[in-house]
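Visitor: Assemble the whole structure, with the sequences as input and the hints as a guide.
Chains as they are written, first to last, in this note's numbering: chain E, 25 to 348; chain Z, 57 to 998.
One should not assume that every hint holds.
[What the hints assert, rightly or not] Reference excerpt, derived from the structure (chain Z facing chain E, CB under 10 Å, subset only):
#1 ARG77
#2 ALA82
#3 ARG450
#4 ALA454
#5 THR459
#6 PRO523
Rather than coming from a laboratory, the hints here were simulated on the basis of the structure. Positions of the beta carbon are idealized from the N, C-alpha and C atoms, including for glycine.
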Amino acid sequence: MISPAPSRARSAPTAVPRDAPAVLCAGLVRIFTTAGVEVQALQGLDLLVERGELVAIVGASGSGKSTLLNVLSGLDTPTAGQVEVAGRDVLALDERQRVDFRRRTVGFVWQQTGRNLLPYLTVEENVAVVAAIAGTPKRQRAGRVDDVVGLLGLDGIRDRRPAHLSGGQQQRAAIAVALVNEPEVLLTDEPTGELDEAATADVLEALRGVNAERGVSTVIVTHDAGVSDHVGRTVRIRDGRTSTETLRRWDVDAEGDELHVAEEFAVLDRYGRLQLPEEFTGALGLKERVRLGLEPDHIRVEQGHERSRPVPRRGRHALGGEEE
Amino acid sequence: MRAATPKRAPRVPGTARFARRAVAAAPAMTIALASIGFMLLAALVLGPALLTQSATAALRSDLHAAGAARTDAVTEGIQGVDAGPAPQGTGDSPADTDGAAGPAGTAGAPGPADGAPARSDEVQAVWGRLDSSLRALRAEQPEPLAGALGDPGEALVFDALAVAPLVAGTPLRDSELSLALDPDLASDVTLVSGELPGPALAREPVPIALSTAVATEMDWPVGEQRMLPALGGSPIIVQLSGIVEAADADAPVWSHIAETLRPALVARSDGGTYARGTALVDPASLERLSLVGPGSRTLAWFPVAVDRLDAPDAELLAQQTRAFFGTPRELAGGNDPRYSFGGELPALLDDSVAAQRETDSFVWTALSGPALGGAVVLGLLLTLLVRTRQGALRLLEARGASTPRRRLVLGAEAALAVAAGGALGAVLALGASWSITGGVLIAPWAAVTAVALVVAVGCGAALGHRPALTRPRPGAPASGGSPAAATTRLVGEAVLVLLTAATVLALVQCVPVPAVPVLAPVLVALTVGVLAARALPALLGVVRRRARRSAGAIRMLGSSLSTGAYSAPVVIGVASALALTLFSGALLTTSREAVVDGAVAEVGADLALRGPGLTADVVDQVAATPGVDALAAVVVDLPVTVTVGAGASRQKLRLVVTDTAALQRVQSGEPGSTPVPEGLATVGSDGSLPVVVSASAAEAVGDAELSLRGHTLEIVGTAPDRSALTSAGTWMLVDSAAASAVIGISGTADVVLADLDGSRPEAEVRAELRTLLGDDVTIRSPTAQAEQAFASPRIGAEQTALVSAVVGGIAAAAGAVLLAALAAAGARRRRETVIAALGARRRQLSALAVWAAAPAAAVGTAAGLVAGLALPPLLIPLLGLPSLDGADGADGNVGAGGDAAAGSAAAAVHLDSVLAVVTVAAFLLAAAAAVLVTAAQKGTPR
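Guide: In structure tokens:
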């Protein structure tokens, strides 16, 4: 088991409410301008991750998920919107607070192992140097390093340099590095993007274990829909906005067997915008103008050129959930 | 989950260890920085030592060339030597220091001082007090003057008297003889025959010693007595007791007791000569010799220990010497109330310091080219170092390492690399300095430069690292460009242009701002490089527009690749290094040409003969010598007094008479030739005598009417003061045909200028003339004069600096090209991957690489070439270098023909075409090689 986290070497510069969500994004906009051409990577994205949650953010290339992670980690600045991570307003941080934010509030794991580990340091040194950067007292440092090294199963390879590790080992070492300062939120960007199937499962299990054991809020950004199987909630991003969310839980059927139940929800943003799944709009031929109708307990959407007709209801599925 | 099992305390690399690991992982840029530090520190340690050694050697060479007669501090008295008791406590002689009297038997006579040759008691009794007071005077002087003054010398020399035979009517060589008392006679000479002169006794002939040359010239055998007619008294009979030779012919004593070792042959008005020499007598016989007459000079001198002088002390020494010379002093042992020392040492030191400043200025100008190129290389190295460490620093940034901490790591690495390399270079340079110069010199400015370099490199590397997010600006869209960097560059360039303009203006206005002569070419070259870098995109735009209309894909692609971020440093580095190297070459060539022209002007012809015995017959023989084409003989060089205005004032001038038509033939086309206006040889109808006067003479007489011996003088031209015709500065030239009206002209020439026809080597002609004229006539030639000047250590230093500038500039230019290519290697690899995937062949990829690197190198070379050719004629005349200005009394680089203004004219700027072509070719070759290296394709061929 993991020993309790030692107290912080230094208190955070500003008081943070303990019940604040792990991640709160509201109306997040990020526009890149290159050679006079504007590209909107985020278009009013809303996102809420509660403390202790393990969330996957899934989207196709160019959907804005990596931009979102950079904003959450304080490595990029949004053009507009609000961002809070563990109760800290990321946009309001000054330089010192930003450094402290990176040391203690968030931890990162990137896809490229070269970005996670210094190639000329061993696993143990990579972990220890990050603890040292954060100013962790020497007495506590050894414990913390052993703690995360053990947590990620790196004891046998702690003296190896990254070049002598497999891809999975490297990413587990990266997770250890990200965790050594006991962040409140762990942000990972395609952590399994360069791994084979077995290593992917190994790393995702490690992340889930960390989340479960440490209660560290974890956000996994990926384009791999298979990651969804390892997380409790999957947020899908499309065109710089959250489009759907899928919640997963275990249930018991009539025969007493455990079932993994996933429900997908459309996300209604604070402006009332809603993205309809393509399979729905395609099945009904919805395009361009649609008719909306307010029913006593739901909203009706129908083709704009036809009269209204009953919408088939699908039991307890809001928009198309299915049983597994 | 796996349980954590603590094993041991984790090893956390500290900053130093962390940096060491980082260096070990990617050491190339760190090693390159260390190498730069090695070279720079080695240069900073060795350079000043070598420059100082060269300057010291040049100073000593200058003073040795001047000779002891000009360098020594000399004083004269006319009241003789007081041979009374020695004063107490006046010097550093043993007699003064230990309070004891002189050697036994000589009460009151101080003994010889330390280091002084032993003197007999009798000699010491006469000269001891004077010697002691001189040594005391030297001991009072501050350093470095006290150390520069050697052991004093004293002598008493009587005026020369005509030598008469003891028996009237006995034929004798016409001669005059001076008697001299040298207290160190016994040690200064060696006896050839006879014996050294003993004491002069009453009613006995005075024994004398003559040198072999004097005795031979005067035809005076040992034992023969001759008579000197003493003024107002009985004649003195002297007897040659011995013939001697100098123990050291270069000893200062022979410069001050003149005509002892060699007689002077003096021309008589009848065309013949007489010999004048000095005889040495017993130095203890002063009292007896006072009968010779009242005309005597007591000489005292401090020889300057030239080989103990160091260049850094020269200016201070000149100041101290001037102060020493300007203060009359009492000297015990001398009968004069005050003695004033004098000599040319301060002026010689000033000249040497000025020449050294010019050399230093040239060296710095020459080395500024590689320095600018080196700065560009250093900047590129720092850029590459920052990029190499960027990944790790970004990771540390994301993990919470603060910006100052990351910059500290990077800056410390760069600074330590330079410092470590520099320390090694400095140690090796110290050893080299010790072995080469025999000493070690750490110049304060070099130490400051070294520290500044380390700090600048550290700060440059630290500031080169940019955080991933410098400062969040909510609501501000990020853009791909960096307006701040562009603005900074624009402001920097504007400051550079303004600074350059101010520097050039200061030169034009002759504002005495230190270091401007060195800074001006550097700043102008840098400005040209910056402007060329600015022009590069526009030039390539033209190429690109044309390329887009052409069918070649590579040309179209390549023209779009050439304006990368690293093009500007390449253009600036190559352009400024080449421009300054060409400028340095032109400066050196111009300086050398000025030396040659100065030598020609000083000698006045292919050969100049000066000395006794240049009778009309001898001149005819010279003219008949094979290889001699034409002669011009100065038949009169005498002081005259001209009447200025209506008899209101008089002015002393030197009258110089020669056949001006012959002079014109001899000096035709030579630099510094004396102007011969039309009508100079024709007496005016009113009997007026046409003359050419020197600039100083013209200034002295103004516009007033001049006359000489009743003949009106008409000034038809002016010439620079310095002339090959006379050693005087205030003179007037009259044609020999016209001069007969005012002065009698003998057939003997003072100076003969000879024009050679080139049929024989000059050395052969000189050798033949030497045989004809003997050793008493000096034969000078511009070639020999220039060779003597070129033998100066300063020339060696300038040549070394120029070679270093060429080599260093080439290395810097090639380095800039290579490093820029290295910096762009990542983008190039990505580009080539894409283009290769589209089907490009290896040759096409190489062509693209050449396109990426060549334009910047080509534009830099072109800009450097233009600037290097344009700068010399624009800047060199403004630099005010002493050797290039034919200032009055300077190196004689005078204007040719016509009226010369105040005796000065600037030297023409010369550009050695061979040197320029070689320099440009070397730069092109290096740049081409560097570009080709960058274009070399590795990996799978296509």
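Visitor: Next item in the hint list is PRO523 of chain Z. Is there a CB on chain E closer than 10 Å to its CB?
Guide: holds (9 Å)
Visitor: Holds or violated: THR459 of chain Z as interface residue toward chain E, Cβ cutoff 10 Å?
Guide: holds (7 Å)
Visitor: So, as I understand it, the hint says ARG77 of chain Z touches chain E; can you test that by seeing if any CB pair is closer than 10 Å?
Guide: With Cβ-Cβ at 4 Å, under 10 Å, it holds.
Visitor: Can we keep the ARG450 of chain Z interface hint, with Cβ of chain E closer than 10 Å?
Guide: Given a least distance of 7 Å, the restraint on ARG450 of chain Z holds.
Visitor: Should the interface hint for ALA454 of chain Z be scored as holding, given a Cβ-Cβ cut-off of 10 Å against chain E?
Guide: holds (5 Å)
Visitor: A closest beta-carbon separation below 10 Å is what the hint needs, so does ALA82 of chain Z meet it against chain E?
Guide: holds (9 Å)
Of the hints listed earlier, there is not a single one the structure fails to meet.
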